[in-house]
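Next come the chains, spelled out residue by residue.
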Amino acid sequence: MPYKWPEKKKVIGTSVPRLDGAFKATGKAKYSFDRNPPGLLFAKILRSPHAHAKIVEIDLKSIETFPGVKATHLIKGVGAELKYGGDEIAAVAAETEEQARDALRAIRVKYEVLPFQWSEEEALKVAPEPKTDEVGKVEDGFAKADVVVEGSYSCPVITHVCLETHGLVAWWKSDEELLLYASTQAVVKTAADVKGDALFKTIPNLKVTCETPYMGGGFGSKFGPDIQGIAAVELARKAKRPVKLMLERDEEHWAAGNRPSAFAKVKIGGTRDGKLVAFDALTYGTGGFSGGAQFPLPYVYGPETSRRKHFNVSVNAGDRRALRAPGHPQSAIVMEQAMDDLIDKLGVDPLEFRIRNIQKTGVFPTLQPIYETEIRLGAERIEWKKHWHPRGDKTPGPLKRGLGCALGTWNGAAGQAQASVTIRPDGGVEAACGTQDLGTGTTTLVPMVAAEILGLGVKDVTGKIGVSSFPPAGGSGGSTSCGGVSLAVGVAAMKALAMLFEKVAPKLGCAPADLRAEAGRIVSSNGKSLSWKDACATLETQPIVGIGDRADKEIQGMSGVGVGGAQFADVTVDIETGQVRINKMVAVADCGLVMNRALRGAAPGSEDRPDAQSGPRVVPGRRALGPSGDRGPSARLSGARGHRHRRAAVHSGRGGHRERGGQRRRRSRGRPSVLSAADPLGPGEEIRGVP
Amino acid sequence: MKKKTRRPAKATGAKPGFSRRNFIQTVGIAGVGATIPLMQGCGTTESGPDIPAEGVGPTPVDVALNVNGQDVRIKVEPRVTLLDALRDHLKLGSADPVDLTGSKRVCDRASCGACTMMVGGKTVYSCTTLAIEAQGKEIRTVEGLQENGTLHPVQQEFVACDGLMCGFCTPGFIMSGAACLEKNPNASRDEIRRALDGNICRCGTQIRALEACEKAARRIKGRR
Amino acid sequence: MKAFTYKSAKSEEEAVKALGPGALPLAGGTTLLNLMKERVVEPEVLVNLKAIRGFDRIEAVSDGLRIGAGVTLASLLENPAVARQYPAIAQAVETVATPQVRNMATLGGNLCTRPPCWYFSHDLFACAKRGNANTCPAREGENEYAAVFANEGPCVAVHGSSIAPALVALGATVRIVGPSGAREIPLEKFFTLPKDNVLRENVLGNNEIITHVSLGKPNAKSATYVVLHKESHDWPVGLASVALEMNGDACTSSKVVLGAVAPLPWRSTNAEAALAGKKITADVASAAADAAVQGALPLSQNAYKVQTTKAAVKRAILIAATGKWA
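Residue numbers (numbering that gives the first Met the number 0), protein chains in the order written: chain V, 0 to 690; chain L, 0 to 223; chain P, 0 to 325.
No wet-lab data here; the hints were simulated from the structure. Just so you know, even glycine gets a beta-carbon here, dropped at the ideal spot from N, CA and C. Among the hints, erroneous ones may be present.
As the list claims (entries may be wrong) - Calculated lysine-lysine pairs in the DSBU-like style (CA-CA distance at most 35 Å, straight line):
{"#": "1", "chain 1": "V", "residue 1": "LYS506", "chain 2": "V", "residue 2": "LYS8"}
{"#": "2", "chain 1": "V", "residue 1": "LYS124", "chain 2": "V", "residue 2": "LYS136"}
{"#": "3", "chain 1": "L", "residue 1": "LYS74", "chain 2": "V", "residue 2": "LYS583"}
{"#": "4", "chain 1": "L", "residue 1": "LYS136", "chain 2": "P", "residue 2": "LYS220"}
{"#": "5", "chain 1": "L", "residue 1": "LYS136", "chain 2": "V", "residue 2": "LYS29"}
{"#": "6", "chain 1": "V", "residue 1": "LYS60", "chain 2": "V", "residue 2": "LYS264"}
{"#": "7", "chain 1": "L", "residue 1": "LYS121", "chain 2": "P", "residue 2": "LYS277"}
{"#": "8", "chain 1": "P", "residue 1": "LYS16", "chain 2": "L", "residue 2": "LYS136"}
{"#": "9", "chain 1": "L", "residue 1": "LYS214", "chain 2": "V", "residue 2": "LYS583"}
{"#": "10", "chain 1": "V", "residue 1": "LYS188", "chain 2": "V", "residue 2": "LYS506"}
{"#": "11", "chain 1": "P", "residue 1": "LYS220", "chain 2": "V", "residue 2": "LYS239"}
{"#": "12", "chain 1": "V", "residue 1": "LYS29", "chain 2": "V", "residue 2": "LYS506"}
{"#": "13", "chain 1": "V", "residue 1": "LYS532", "chain 2": "V", "residue 2": "LYS27"}
{"#": "14", "chain 1": "L", "residue 1": "LYS74", "chain 2": "V", "residue 2": "LYS239"}
{"#": "15", "chain 1": "V", "residue 1": "LYS188", "chain 2": "L", "residue 2": "LYS220"}
{"#": "16", "chain 1": "V", "residue 1": "LYS264", "chain 2": "V", "residue 2": "LYS458"}
{"#": "17", "chain 1": "L", "residue 1": "LYS182", "chain 2": "L", "residue 2": "LYS121"}
{"#": "18", "chain 1": "L", "residue 1": "LYS136", "chain 2": "V", "residue 2": "LYS385"}
{"#": "19", "chain 1": "V", "residue 1": "LYS237", "chain 2": "V", "residue 2": "LYS60"}
{"#": "20", "chain 1": "V", "residue 1": "LYS385", "chain 2": "V", "residue 2": "LYS3"}
{"#": "21", "chain 1": "P", "residue 1": "LYS220", "chain 2": "V", "residue 2": "LYS393"}
{"#": "22", "chain 1": "V", "residue 1": "LYS583", "chain 2": "L", "residue 2": "LYS136"}
Claimed, not checked - Simulated coverage check for chain V against chain L, where a stretch passes if three residues somewhere in it have a Cβ under 8 Å from a Cβ of chain L:
{"#": "23", "segment": "14–20"}
{"#": "24", "segment": "23–31"}
{"#": "25", "segment": "161–170"}
{"#": "26", "segment": "208–216"}
{"#": "27", "segment": "433–439"}
Please take these sequences and the hints and turn them into a complete structure.
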């Protein structure tokens, strides 16, 4: 029998303040960086000072007797190639952080400095064969166009700037039992990666557990132990003491991943009656030394004909990692600016042109009406009719104001997850899932879903997440956790409830199918009922455990794929000073079934703003310069005053999610509703802008 | 360029060619409700254990700190920051560990505010304060904001307004907000925003952090 | 940081005695401690100045204000006399960094701050200012924030103080103490060019410290306009401090001092000449702004500073004269 969400929801969709809010607000929440087990050692990593080099000589022995040093570990030895400034070479663990840093500086290494590539333009000349995708023939498309516009658009590399840096505490409880407190978006995978690492996989009966109840941000960059984590585990094993290795801020910029750059030369054509007829783009970007910098184009819109040629370019800099909707910000930056340039020359309405030309394939036909609604809602809230004008604010003086609009999309399929729901004879309930809470609200989501199914209040359920030995779930990336975890917990609760019904039914003189869980009671259609506690007492001594698995074929129509969102910006530019001020932003996101109304998500426009870049400067011959030191390591994130007016309306366009062939349920349009726990596109409830 | 609005000094008939007496009169009265000494910073602001003329260190030295009303003794090198001292050096080898990891290390360069503590009543970046400099001063961290198990109004509102996500910036924001409202419970929206200028959030909670502080201000005023 | 011995001076004499080769003074620490973390500055001894008696005192003196070098930027900002009588200073101070930094940083420390240059601040790079003669990675490298005046070398970084231009415009003096006693000099003479001694930004000797900054008669017709890309916690990319002497509507004389464009606060006599004897209007302010940037020699990435500086000069003049620039 297919599982489904209850028709009338009592918990899901209500407002449940984060269960971990008070812990975070009081400083009691323990992050990996905060763990201080007895006997703790502090470790640091030695990194290449050169953009490209080979190790000729390295002497770790001499620092083994340095004050406080308890263990050293060679990551790359003589002959190893170092591909970027920041590439890991060795690690050292000492009694104090200061001693570890001192020892690090004393390690003697001889390098053979090799030719390096730092310029994306230069590297383009030697890039591997490009990939070309075509739809129709662009020459025909351009022939039809009334207006053709050419332009170049780009955005630089930026870094994730998770506030909690990457790293972990490694604690060998015994020769065969390892506990990791890792700052990670994937507790299960982190534990598995350590266990499977060449250094440890031959240890018989090795049990590795990763415990991460709180983590200070990942944004796509924390999916495993990384090289520094493995080094910390090895140091801990050698020293026979727990080791904490958390990266410093500059290391984050060099070596903990980045969002690739994007450069695009675009030719785009349209007709005066509002059709996008041709799109031709030559693009490249760099993801550091591995080169990958792909991003989808055309994006959201479906030109009648298109051609796109893309080069992945390698430079000697740190490697890319996924950063919030990987590829899509670059796509939006290129596509929407090209669209704006074309719209301006065509003299057509920017919103109508967008609505008219959304792609007609894949999930987009479903998204079409959603985009239309989102654009209407957003335009109202930003007062588009009142403030929009064609390019060129005629207001006298140097302050010029304008409005913009952009659309985005994402997949967000419910990810892999298993969960268990345990019902105890004393009435206690536990819902457990080896997932993680990045600030996304999973801590609260898990007990909410179980409570919904079991007819209980959230406080009646103990939620357990963040430990890799719980039923496994995938990493929290790509907006997959909320869907996957909800389904797994929901189904686990349904199964546990079904088992409870088997026990209770005879006591109420009915069949299990006659029972329902409601308001803390098990109620029969024959009028009889038991309180939750009395119902659980029928279990006598045996708790019930229901296991839910996202992969269960009986799960149909409980989640969906593919979302679309619209954002609007009201911006003032001082054309004498070049200052850009955001007056207001509105983000309208399609989020389907709303799980928790209290979670209000992220403010729109945090990344890729003119004042919000955290990209490293690449300097010839050296590491990419982090914007550290004088300009501050988090230099380009704007402070409180930079986030002035924000207004976020959320519209759940399609109502319930659906998968192929499933039920589709519409919510009333226009009613603002709050984001589900893990929507990447942005914010929550409609909130008043701050004037 | 906006000028900061100030409460006007009480008129004393001050004339140009400001005399010392006029100055004392006006400085003595103007302000934001807190008493300002007649001449700011008369005398030394430091007290606490004397540092001998030959100096201390570089090896670890005894440092006595007053944190959240509690006396805490550690032995650290002079180069250890107040932040690292409280986060890392209190528990080590201690029979009765004090847990003060609420303040976070994020940039370690006086850039992000996650390490914000109050020292001598003012918010500072504890990552750029030496532990040894903080002797003799009243140090308050996020752990010290609660009173008898009740959350400080700013903490309460951060929870109620959902002014946090991953939570790593939260203690710093709360300290900045609490300090602002302690000094000026009538702080305007703009003044609160400016008080939060030194705190950065990566998840994107700034607006709700501001909202939380505003609501806390109303709550605090409602109590009076 | 490299390990160091920590001393604390209770008087100017103790401070001078404790300083010397290998020793550096510690005031707010917001510049020094972070350079030490980067290992670009490695003193063997730190001498805490904050315990010096009276170091953080602001007092009215016969003709103006005497500000202890240990006065924090926050205290300066909160002082009603400063806000009312020397608005150029208050307007500069409120743009500096963040509330926390302003609570920690001192006026003396701000005047002695090291250059905000990412090559200087990182031990990966050889740099003339840190002792590698004739090496300036910024000149041909990432020089977006570097100087457009007096940038022939050996260092092209700008001076990091947003407050110094205002103090120079208001005719401030500084009192310096050292082994040979105390002296008081105009602040304008305190700063030095890289070509005179690239290792320093000012005239202080190793054992010397600033003890006071003194301001003469108040000037309410003074203003500072700062161009910042981020609304808080950013370095200026254009800055002008202006102090006007008016006779009715007309400006009899002025001081126009630029920040963020040179290795020291940059006095623009060209701009001052353009104002002399004129009634201050938008056109006159624009002409002075154009005059102020004459002779600027941008590097490869900082030509925009010509434009931001012009805007800053024009707006500072108008604010000083009329209270607003638009």
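> Counting residues of the segment 161–170 of chain V whose CB is closer than 8 Å to a CB in chain L, do you get three or more?
Replying inline: holds (count 4)
> Residue count check for the segment 14–20 of chain V against chain L: does it reach three with CB-CB under 8 Å?
Replying inline: holds (count 4)
> Within a Cα-Cα threshold of 35 Å, do V:LYS188 and V:LYS506 meet the stated pairing?
Replying inline: Not OK: V:LYS188 and V:LYS506 at ~44 Å, beyond 35 Å, violated.
>> Check the hint pairing V:LYS264 with V:LYS458 against an upper bound of 35 Å on the C-alpha distance.
In response: violated (56 Å)
> Would the pair V:LYS188 and L:LYS220 pass a check requiring their Cα atoms to be no farther apart than 35 Å?
Replying inline: The hint is violated at about 49 Å.
> When you check the alpha-carbon spacing of V:LYS29 and V:LYS506, does it fall within 35 Å?
Replying inline: violated (45 Å)
> Is the Cα-Cα distance between V:LYS60 and V:LYS264 35 Å or less?
Replying inline: violated (53 Å)
> Given the hint that V:LYS385 pairs with V:LYS3, does the C-alpha gap stay at or below 35 Å?
Replying inline: violated (45 Å)
> L:LYS182 and L:LYS121: Cα distance at most 35 Å?
Replying inline: Roughly 9 Å between the alpha carbons, so the hint for L:LYS182 and L:LYS121 holds.
> Do the alpha carbons of P:LYS220 and V:LYS393 lie within 35 Å of each other, as the hint requires?
Replying inline: Measuring from Cα to Cα gives roughly 33 Å; hence the hint holds.
> Can the restraint linking L:LYS121 and P:LYS277 be considered satisfied, given a maximum Cα separation of 35 Å?
Replying inline: violated (46 Å)
>> Against the 35 Å threshold, does the CA-CA distance of V:LYS583 and L:LYS136 hold or violate the hint?
In response: violated (42 Å)
In summary, the structure is inconsistent with hints 3, 4, 6, 7, 10, 11, 12, 15, 16, 18, 20, 22 from the numbered list given earlier, while agreeing with the others.
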